[in-house]
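The chain contents come next:
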Amino acid sequence: MKIGVVVSEGPYTHEAADTAYNFVRAALAAGHEVPRVFFYHDGVNVATRLSVPPQDERHIQNNWTALAKEHSIDLVVCIAAAQRRGILDKNEAERQGKDTDNIAEGFRISGLGQLIEMGIQTDRLVMFGD
Amino acid sequence: MKIGVVVSEGPYTHEAADTAYNFVRAALAAGHEVPRVFFYHDGVNVATRLSVPPQDERHIQNNWTALAKEHSIDLVVCIAAAQRRGILDKNEAERQGKDTDNIAEGFRISGLGQLIEMGIQTDRLVMFGD
Amino acid sequence: MSTLHTVNKSPFTNRSLESCLNHCKDGDAVLMIEDGVYGGLAGTALAEMVAARAGAVKLYVLAPDAHARGLGEDRLLDGVSPVGYDGFVDLVTTHDRTQAWL
Amino acid sequence: MSTLHTVNKSPFTNRSLESCLNHCKDGDAVLMIEDGVYGGLAGTALAEMVAARAGAVKLYVLAPDAHARGLGEDRLLDGVSPVGYDGFVDLVTTHDRTQAWL
Amino acid sequence: MSDVKKFLYVNRKAPYGTIYALESLEVVLIGAAFDQDVSLAFLDDGVFQLTRGQETDEIGVKNFSPTFRALGDYDVTKLYVERESLEERGLTEDDLQEITYEDEDDDWAEKPSIRVVSRAEMTDIMAQQDVILSF
Amino acid sequence: MSDVKKFLYVNRKAPYGTIYALESLEVVLIGAAFDQDVSLAFLDDGVFQLTRGQETDEIGVKNFSPTFRALGDYDVTKLYVERESLEERGLTEDDLQEITYEDEDDDWAEKPSIRVVSRAEMTDIMAQQDVILSF
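Protein chains in written order, with the numbering used here: chain D, 642 to 771; chain H, 642 to 771; chain L, 37 to 138; chain V, 37 to 138; chain P, 204 to 338; chain Y, 204 to 338.
Source of the hints: derived by calculation from the structure; they are not laboratory data.
Any given hint could be a false lead.
[Unchecked claim] So the derived label-pair ranges between C-beta atoms look like this: (1) H/Gln696 x V/Ala92: 48 to 54 angstroms; (2) D/Asp715 x H/Gln762: 46 to 52 angstroms; (3) D/Pro695 x V/Ala88: 50 to 56 angstroms; (4) V/Asp110 x L/Gly91: 30 to 36 angstroms; (5) Y/Lys209 x L/Met85: 27 to 33 angstroms; (6) P/Pro315 x D/Asp715: 23 to 29 angstroms; (7) L/Met37 x Y/Gly256: 24 to 30 angstroms; (8) H/Asp764 x P/Arg318: 52 to 58 angstroms; (9) V/Ala92 x L/Glu84: 27 to 33 angstroms; (10) L/Gly115 x P/Asp206: 54 to 60 angstroms; (11) L/Gly91 x P/Glu290: 25 to 31 angstroms; (12) Y/Glu290 x L/Asp114: 32 to 38 angstroms; (13) L/Thr130 x V/Asp110: 49 to 55 angstroms; (14) Y/Leu232 x L/Gly91: 39 to 45 angstroms.
Yeah, the Cβ is synthetic: ideal placement off N, Cα and C, and Gly gets one too.
Bound-form chain D, shown alone:
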């Protein structure tokens, strides 16, 4: 089955990004497809490459980046939500006149249409948030 996933809260502050990660791993292990994970609201903050958690804690962004690479998951960060919160890729940084970007490998910034498309194209949609 194709399962779409939405992450609506930021890393560490809420458990949502962790639960989603554990859920996606289990779905893949059970033979399901997770073609895309959509990051919305504070969920976009998962995508910063500047996070430096204590060494004895999990590294949420690294975990997602690795999982996406291994299973070809499309990690999409909502552009409107990301702009408000200061998550930018190279293109956006240039377009907005900012001196740097901060998005991590494996994430891409795109529009809310990708969320609707995921709802249309998957068999189930599961949301994790606050």
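Model the placement of chains H, L, V, P and Y on the given structure of chain D, informed by the hints.
Just chains H, L, V, P and Y now, kept in the frame of chain D:
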């Protein structure tokens, strides 16, 4: 009177950073001192200089930067909370081997001791959060 | 010696206001801010719980937050007073401490 | 045609579980995750509200979240079943839709 | 199976205290371009999103409530509001904005978009969807 | 006025679902260096922070509950837990970790740090503070 302020939630997602800003302006207008505002939990996300809100919305980081400059307010971002969430200054970025920082003008990163010190040295402490 | 309590969550969703009112001393003040202003509404399922503490505890709503949500002052419970940000500051300075019910 | 509902907030703080149970149809399933697992506890002030829907609605808690919080399976209400992340996935696929009570 | 899915946007949170109401509306506006069967549900504190007379100047935040009145132009015409949620909060339908759409199947007659429904009806509406997005 | 202020850390949220419990503890540990009069209050869902037997391996999150047992070494010895909050959640003091400190004024006798108090006593404790930090 000396009033210390804590902001515990991120910009746009929660009203906390807005309420704190309006409160601090009113306190200053009434002749009180606000020597320091401490940003903790997701509050550290107020300090990113990469935020690009829609043009018809308030720019929360810019507002804080301007207010701090005008009234010499010490805007302190908790280092432990900031590291988890990917808010870094130049020093931290170098120390952590990151290729860029993202902190905005007027904010500085420091330890939790600054929060306790604020509690000791001010007459009142007001927290804004979730 | 008295405390200013702030409550910022809707009492229809979250039990912060209830817990706050259960931990107030007579003479304390409760200021409802942000989504907390809904706690000051008259005619709701929770109005009685709130009104029961009015008098012993002084109840306020932050008017800018009430206006943002379309709540005119005619909608407020008897005994609930609107204040602006300047009034918020005064409440902070005229009480001995502020406790946020986050 | 049935729905899997997920609830992730403590029912002692937030009314999401109550609202969810009020909007379930018989045959639906409710999975309590994250801080929502406290809703599956026996012997609490809310146990009766939850137990009243057990049977008509299938109730689950996400065991990894329960274990994280020190809640052994002996603490669960009768009629509340623990599942792992694999069971969570099965619940998603065996119901027609998932509704998150965020 | 048809290409058209039934999408329900569930709004359970008050406006301004958190951003969910605004960012929900942003999804609805974008989603309208996809020609799906769209409904919005307002229950619990979500009913506060629709109140009349919101004035946000004093808090310095953008007032997005007028956007609800534009939904008809995007063919978003089904806004279900739960009666029990209104009653618990001391509200009636008169406290809500008037939101209308022009019905192209009825000679563009102007009709109300808000439909106040009972909790039981809301439960049925939820159970008829393909995709439920929660805010 | 003395240089020592009474600081109260108020914990009202459950652990792991959100980070507040952990980041509260981080403040307490740093704050201990400042030689103030420190107390911790656990009420509402905050009492869940102190339960025994927390095992977080399956969720992949660090278990910080053992840190509470180290608080005595930092001279943080007053952990007030509200009885009504425990009862509402079906908990008793036996469900909580044992947390102790060595009392230097009593020949280093080991004493319990957790003090279960009534709601009325908790209200009094809150009203005696100089600074209240809420998590």
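Consistency of the hints with the structure:
1. H/Gln696 x V/Ala92: 48 to 54 angstroms: 51 angstroms, holds
2. D/Asp715 x H/Gln762: 46 to 52 angstroms: Because 50 angstroms falls inside the window, the suggested range holds.
3. D/Pro695 x V/Ala88: 50 to 56 angstroms: For V/Ala88 against D/Pro695, whose Cβ atoms are near 44 angstroms apart, the range 50 to 56 angstroms is violated.
4. V/Asp110 x L/Gly91: 30 to 36 angstroms: Because 47 angstroms falls outside the window, the suggested range is violated.
5. Y/Lys209 x L/Met85: 27 to 33 angstroms: Holds, since Y/Lys209 and L/Met85 (Cβ atoms, about 30 angstroms apart) stay within the stated range.
6. P/Pro315 x D/Asp715: 23 to 29 angstroms: For D/Asp715 against P/Pro315, whose Cβ atoms are near 40 angstroms apart, the range 23 to 29 angstroms is violated.
7. L/Met37 x Y/Gly256: 24 to 30 angstroms: 41 angstroms, violated
8. H/Asp764 x P/Arg318: 52 to 58 angstroms: Distance hint for H/Asp764, P/Arg318 holds at roughly 54 angstroms.
9. V/Ala92 x L/Glu84: 27 to 33 angstroms: Distance hint for V/Ala92, L/Glu84 holds at roughly 31 angstroms.
10. L/Gly115 x P/Asp206: 54 to 60 angstroms: 57 angstroms, holds
11. L/Gly91 x P/Glu290: 25 to 31 angstroms: About 27 angstroms separates the Cβ atoms of L/Gly91 and P/Glu290, which means 25 to 31 angstroms holds.
12. Y/Glu290 x L/Asp114: 32 to 38 angstroms: Taking Cβ atoms as reference, Y/Glu290 and L/Asp114 lie about 34 angstroms apart, which means the hint holds.
13. L/Thr130 x V/Asp110: 49 to 55 angstroms: Given range 49 to 55 angstroms: holds, Cβ gap about 52 angstroms.
14. Y/Leu232 x L/Gly91: 39 to 45 angstroms: 42 angstroms, holds
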